[in-house]
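**Q** Protein chains in written order, with numbering that gives the first Met the number 0: chain P, 0 to 336; chain S, 0 to 336; chain A, 0 to 336; chain Z, 0 to 336; chain F, 0 to 336; chain W, 0 to 336.
Keep in mind that a hint or two might mislead.
One copy or any two copies: either way a pair holds, since identical chains are not told apart in the list.
Lysine to aspartate or glutamate pairs mimicking EDC-like chemistry, simulated, CA-CA at most 20 Å apart [claimed, not checked]:
#1 Lys1 to Glu174
#2 Lys233 to Glu198
#3 Lys264 to Glu217
#4 Lys99 to Glu320
Derived from the structure by calculation, the hints contain no laboratory data.
6 protein chains.
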Amino acid sequence: MKVVTFGEIMLRLSPASLERLVQAKALEVVYGGGEANVAVSLANYGHEAYFVTKLPKHEIGESALNELRRYGVNTSYIARGGERLGIYYLETGASLRPSKVIYDRSHSAISEAKPQDFDFKKIFKGASWFHWSGITPALSPQVAKILEAACIEAKAQGLKISVDLNYRKKLWSPEEAQKVMIPLMKYVDVCIGNEEDAEKVLGFKSGSNIEHGELNVEGYKNSFLAMRKQFGFKVIATTLRQSHSATHNTWSALILADDFYQSRKYEINPIVDRVGGGDSFSGGLIHGLLTTDYKNALEFAVAASALKHTISGDFNHASEEEVLALCGGDTSGRVQR
Amino acid sequence: MKVVTFGEIMLRLSPASLERLVQAKALEVVYGGGEANVAVSLANYGHEAYFVTKLPKHEIGESALNELRRYGVNTSYIARGGERLGIYYLETGASLRPSKVIYDRSHSAISEAKPQDFDFKKIFKGASWFHWSGITPALSPQVAKILEAACIEAKAQGLKISVDLNYRKKLWSPEEAQKVMIPLMKYVDVCIGNEEDAEKVLGFKSGSNIEHGELNVEGYKNSFLAMRKQFGFKVIATTLRQSHSATHNTWSALILADDFYQSRKYEINPIVDRVGGGDSFSGGLIHGLLTTDYKNALEFAVAASALKHTISGDFNHASEEEVLALCGGDTSGRVQR
Amino acid sequence: MKVVTFGEIMLRLSPASLERLVQAKALEVVYGGGEANVAVSLANYGHEAYFVTKLPKHEIGESALNELRRYGVNTSYIARGGERLGIYYLETGASLRPSKVIYDRSHSAISEAKPQDFDFKKIFKGASWFHWSGITPALSPQVAKILEAACIEAKAQGLKISVDLNYRKKLWSPEEAQKVMIPLMKYVDVCIGNEEDAEKVLGFKSGSNIEHGELNVEGYKNSFLAMRKQFGFKVIATTLRQSHSATHNTWSALILADDFYQSRKYEINPIVDRVGGGDSFSGGLIHGLLTTDYKNALEFAVAASALKHTISGDFNHASEEEVLALCGGDTSGRVQR
Amino acid sequence: MKVVTFGEIMLRLSPASLERLVQAKALEVVYGGGEANVAVSLANYGHEAYFVTKLPKHEIGESALNELRRYGVNTSYIARGGERLGIYYLETGASLRPSKVIYDRSHSAISEAKPQDFDFKKIFKGASWFHWSGITPALSPQVAKILEAACIEAKAQGLKISVDLNYRKKLWSPEEAQKVMIPLMKYVDVCIGNEEDAEKVLGFKSGSNIEHGELNVEGYKNSFLAMRKQFGFKVIATTLRQSHSATHNTWSALILADDFYQSRKYEINPIVDRVGGGDSFSGGLIHGLLTTDYKNALEFAVAASALKHTISGDFNHASEEEVLALCGGDTSGRVQR
Amino acid sequence: MKVVTFGEIMLRLSPASLERLVQAKALEVVYGGGEANVAVSLANYGHEAYFVTKLPKHEIGESALNELRRYGVNTSYIARGGERLGIYYLETGASLRPSKVIYDRSHSAISEAKPQDFDFKKIFKGASWFHWSGITPALSPQVAKILEAACIEAKAQGLKISVDLNYRKKLWSPEEAQKVMIPLMKYVDVCIGNEEDAEKVLGFKSGSNIEHGELNVEGYKNSFLAMRKQFGFKVIATTLRQSHSATHNTWSALILADDFYQSRKYEINPIVDRVGGGDSFSGGLIHGLLTTDYKNALEFAVAASALKHTISGDFNHASEEEVLALCGGDTSGRVQR
Amino acid sequence: MKVVTFGEIMLRLSPASLERLVQAKALEVVYGGGEANVAVSLANYGHEAYFVTKLPKHEIGESALNELRRYGVNTSYIARGGERLGIYYLETGASLRPSKVIYDRSHSAISEAKPQDFDFKKIFKGASWFHWSGITPALSPQVAKILEAACIEAKAQGLKISVDLNYRKKLWSPEEAQKVMIPLMKYVDVCIGNEEDAEKVLGFKSGSNIEHGELNVEGYKNSFLAMRKQFGFKVIATTLRQSHSATHNTWSALILADDFYQSRKYEINPIVDRVGGGDSFSGGLIHGLLTTDYKNALEFAVAASALKHTISGDFNHASEEEVLALCGGDTSGRVQR
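Isolated chain P, as found in the complex (with noise of 0.2 Å):
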């Protein structure tokens, strides 16, 4: 199936292993950003996955697009041109001590990038899927039009969008989310994120009074049935992540679709690296909605997005027969020769 993503892609700079950034002399290059991820999950499952996006002209841009490549997707699309790419630090925490992020991404080419500077209408054409989350119209207004005029030619040509609510604080506030997304909520199909985002991104309340980080599953699902009774998505979906350490969390997921589903659970000890791990749970889900049904598409997305924090970066590199593996039940890490 061809799907598309759009959003921003970055050079992500971390120290080797477990060190801090005050003691690095050098910097792993990864690159990664929402929707990216999800169009790499999405070509590792045999989807025809294009990222959609505007990348500087010199080097560091040609070295993100060919990462893309590199592992499957589909870059025609690309626009070339701008200032810079978005930079993120990454430090990778252990234990008490917890991972930590340092933005550099304004003025980013993606940022500042201009309405002609992509066909959607040739862009969509075939395609079965636009996903996007709500980092891409935190970016600037200019993206956040983009983005409707997108979802609009997307909807015109019936694919199905998805939106992970995902709400970043450096971005914008929530008044601002609230004020560009409410009105992006009625192209979306299938919404990511749970009653928090949902709060801070919609502005919506439920009133079901789930404390941070506890497993309230009947909460959960009257917070769910009242967000799609306000918002009119056909499937809502999130994870669940209790955490112990920066090392081991708990993590499993919920569904609302036909029914009220929640998956199983995932002791993740250690963890590899967890960024990217949200991503590859909406790469998953699309997957597994695109060709399963909803139980079996959770069940799918929590197992790939599990192994994602057991491998380094912010793509998640696992096919589908190893995340069927996981879903299948194998949990005990024998080698495979």
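Fit chains S, A, Z, F and W to the given chain P structure using the hints.
**A** Quick look at chains S, A, Z, F and W alone, frame taken from chain P:
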């Protein structure tokens, strides 16, 4: 004591730290193989350990030989010539993601070795023990024949013979294995392997009904007694691995000699490198059987192999003193100054 | 506040990641030593921290000095000259395999320093605190004399003095230690160390009968009261380490000041680098005693040193803000964006 | 323009910097092979470059494919399957010490490919050029047959065909080479190779008596004229390497097309990596012949390949703009800001 | 002597060894910038060197500051705050392939600094010299104003002022440069730069007609005399680089002070890192002018900067003693034991 | 042939590539020392080479021993015990910047060895040659005595003895050297060293007036004749190094045996690592004198040591075949496939 092992050593190529193979820009070089690993263990415990194989004449063959020499293995009887050194690619897993091995070992120098490459009469002179694994005869019918001749010579010179059954499905089918292996068992004094191995490699069925991964000690005992009856082994031993994840295993072992005995259990978390874990058990067991009683031998072997899981590479770089400290019960990991 | 520490800094050489020393082809360079580590902690918390020692004039001595400067320690009173920089080789353990330290510190510049190398009258001008450990007087009788003179000068200028008892069996015997250390205790306001240390270094016996590794809080309290009585310390504190493995420790601390107080406990798993853990406790405690009450001081110190276990190298690269966040109870390790 | 190349890509393993193979603890991973290298050059110059081969289905095969994709080569027609990826070990020389290559390429997937693995009718649709080297038919008689069928199809569809004669003595003898290669020459428009190659691969003898390494331009001209007469090539070109040491070469080239022409000379000192130098010449020449006259084509090709010697790996990571700047005469190496 | 420099320090990111940016998987971290580099040189020669700039409060800003501190630069007057640290990507060339710099420095903290960030009255107290380059006022009109105020204060306190003209076409046009720079020249005692720089930055035309890259010493002398006449500089100096390739340069310098003088020439082959070469000349010249006569100052400066070309990173890690040894004529490179 | 060498092996620590020591964050580990290096060369040429020394019992001592074993040196007679392994820090120079060595070798195990550590009667059994250098007796008076006893035993068993005069000013003064060395010369058959060495170590003055660095061959001949007359050496040889820069040397050698002979000259550019260059000459010369005539021996030795300059580390990893290829005149550095 002089101990001789015979088999294949391969070039192992693995990405740094926990990268996946598709992410790697460099591969770490390790040399290893069942019988070579056993020889290194024995050299570490102070024995005169010989490893016998055939290696190509070029620098890659030389490097494998050098690595053995470096860690005190006598390489005087390694034949030189042939096409290539076998390779295996290893991707180390973590948590829910299993380690993965890709073999590229066909057409190796040892698999195409000829009888005249080895003078076992000379090789075994003054030796006490001969060890090999089920991988050696699986390399090629030629090597199986060389091995049988070696066993006959070893018996003639009065050596003890141990085998690690080690079934490798990429090398042969159970039928092929049994045809070659069963006739070789009459030379074997010490058999390392459990009912599962015995079933595939020796066609053995105890009827004791042990579920995979379960610690049914009584069942194992019955199974060992039946194996002893059928094949005449003087000693039968096996490790028991409970695999909670790629990072966390519980490790213990069983032996049938004068009587049946179960070792203490070790929690290994995190595992640094579990490849060679079984070989380090064999190395520890041979050392133990050469120097102490069967119960202490088993405790030494299981502690040695528990330690191996915390050491990178195929070889067990642990001294007798370090193994004994662990046997003695200090699992606290306190800094040794 | 101006704080002065006096002692030895060494070149630490350790294999990358979890390799054993016999496998290493390169060694990572870290500089560290008890009192230097304390000075770095204090510089991180915003104090004017001076480290006093003697370093050889060549590039290796220069590099040790540079590393201190880099992290904000004032190095103006470091004497230059002498033969060599002391070295310690560190092999980091994992799970059942303990870390291992090999010292090569004899004949270092500081151990052969002379009284005229340091002008403590000038060094202590305007300072509030002087810290040293039991390692400093163990370096040589000469250094013990220099230290005593420094203590006298510090008291004359009204500084608080703290000591970390820190017994090192490779440097001196209990008898030698007691002969030097007991007379120095009269200058000490704050003593860091437990009954065990006190027994070896001070010949102290409380009769409170604490088993090694046991958390007999009442016993500790009695022991601390007895130490206070015998030596006149105003404050006594110690850390409590429960070592489950080289990778997993439980960490807490005790203090006797106005009253007796036990800190909260931290599970540290995995440990990244536990060398310098005790020094980061001392650094945190001095900061705490300089800025808050004894209970908060202890909580700050134990949180600081828990964090240190997750940071590579001897130095504790953690800010006051990060330590306070952990004190405040957030142990979830969630990504800080 | 669409250009197709067909051949083998191998995993290249080489020690870091200038280490010898017997010193290596890690090997750097590069993927390369004559025709793959040409395809990358052409992709860099903006062509639609296809590389056709067969790669095993596992991660190592995937990684070779990914590396091609990463640099813009179209991999849609690469067949998947077979046993292994060919390997070559490269030790880079310096000064008086030559570089050394150890091949481990037998039994590769491409050498055991079958006609049905490739649909050249489809592959050549819309293409302008087909390039291969003398290595391809040397891989196996099977591959030689596939190649002949491809040549016939290419001619039928009106493509230009170029060959780089490239004799490899480890793959076949001159007799074997000539038996296969001579009948293929009738399909060839552009022949890259000198009298020496032509003698071994085509059994050609001009009688013009050129001493090895000598720059007898008149002799080359006569030799080229004779080759044209005998084989009907429209264009003949060759590079001229004067090898002063492993680090310092003089590099130029000759062409016979409308007329005979000698390029300018480049001093290359130091050489960073000369593997792939000839392939980058072929890539540059094809680009030149597709876009400009034969003299400019030769100057582009020789400048491109001079640049390649300063770039690590098999691939020539140089843009058309960079090659043109060097062609234009700027050899000063001044920093480009 | 106390010397103050004022300008920008950037994070420099470059691939290991001689890789191209599109090949890099990790980037080496160096911090550097014209005036910071000069400050490090002066600290190495024993001066009290201050570097003044503004750095963001996060860990990347902290790391830049730490690197200056590490090498002995006083950082007390560095303001903290602002958005980001400027970045430049550096690809090191070899032989025919030039080095390449990609700037990503817009919106840096220093470029958006405000007058109140710096108290130059306090900063210059007790100082002898103030150095800046043409890059500083090019950062923003704001910074140009701060610089002018600093020059006025420096003159008021009797400091010598030196400028390195250093035209950067990515930062401003000649017209913009001249508008800002010409009025600043009245404060300058020592001007570093040649006719070319003077033309772009100062609109200067001598009519002496020097061809680029040519060593027309008489022409330079006339040009310097004219510059002195027009701008009133007490000393004018420039380096002369003959660039044979990215790896091999000839390096010398000229000065006009009491009289005109040409330094000895150095062959630099290979160049390890030529970035910062000009800054190390400025640092050497300031040191020379502060401590000796103008001829020896020039010889010191040119030897210092020749050495810099053999040292990686922006900073010149060479001691006064090492520079003097080279000045003294020992270019043999014999091992110093 | 069995050859024995006796002396010190040290841990060499050097920054990666061309960094300076003050920049290093990791140090590469190499083991080397004059006589150890000679032993490795001889093992590479197929001799049974023994290196005799004393090494501490810990892992660092073990690693030095392992490295010798790895490259085929017999380590059976290495004594174990003592305090520490000597260290030298090496900073590799480039172009105008010389390499720099910092020694930290005092108090090493070998320097404090005792006569009973070595049983030279047994060690020399069946040996043909004994080699040592002027460094060995400089280690301590104790070692000088052990060496003298070894020389007496070697002569008694009929071995040839060679010495490399090798004056080290950090270890002793000329006066001390002469007092120890002159009496040892009566045991020496082959003396390696030039007039300069001979002057410092042996107090020799030929009056032939050779300027340092000059290639006055007639002068060398006269000087050698005088040395032969005074000390009775059968063979005298020396290398001649013309040091154009740290990167570029011209290398040749002279010998006086049956007659006087000068070798061919080699241009070495770039030098990869010149440490051990002299030792590789000694190793080549001993091999040559054991297997061929003195002229061919000299050519072999000078070619071997020219090659060494292109190989990193102290050891000369070059085979007899490779040395002979260079002797045979192939200096073109063409790739060996």
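**Q** Hint by hint, note whether the structure agrees.
**A** Results for each hint:
1. In this assembly of identical chains, the alpha carbons of Lys1 and Glu174 never lie at most 20 Å apart, being 34 Å within a copy and 47 Å across copies at closest.
2. Taking the shortest Cα distances, Lys233 and Glu198 sit within 20 Å of each other inside one copy (19 Å), while across copies they are farther apart (53 Å).
3. With identical chains, the CA atoms of Lys264 and Glu217 are at most 20 Å apart within one copy only, with a shortest distance of 17 Å there and 34 Å across copies.
4. In the homo-oligomer, the alpha carbons of Lys99 and Glu320 lie at most 20 Å apart only across protomers (14 Å), although the nearest pairing inside one protomer, at 33 Å, exceeds that limit.
Checked against the numbered hints listed earlier, the structure breaks hint 1 alone; every other hint is satisfied.
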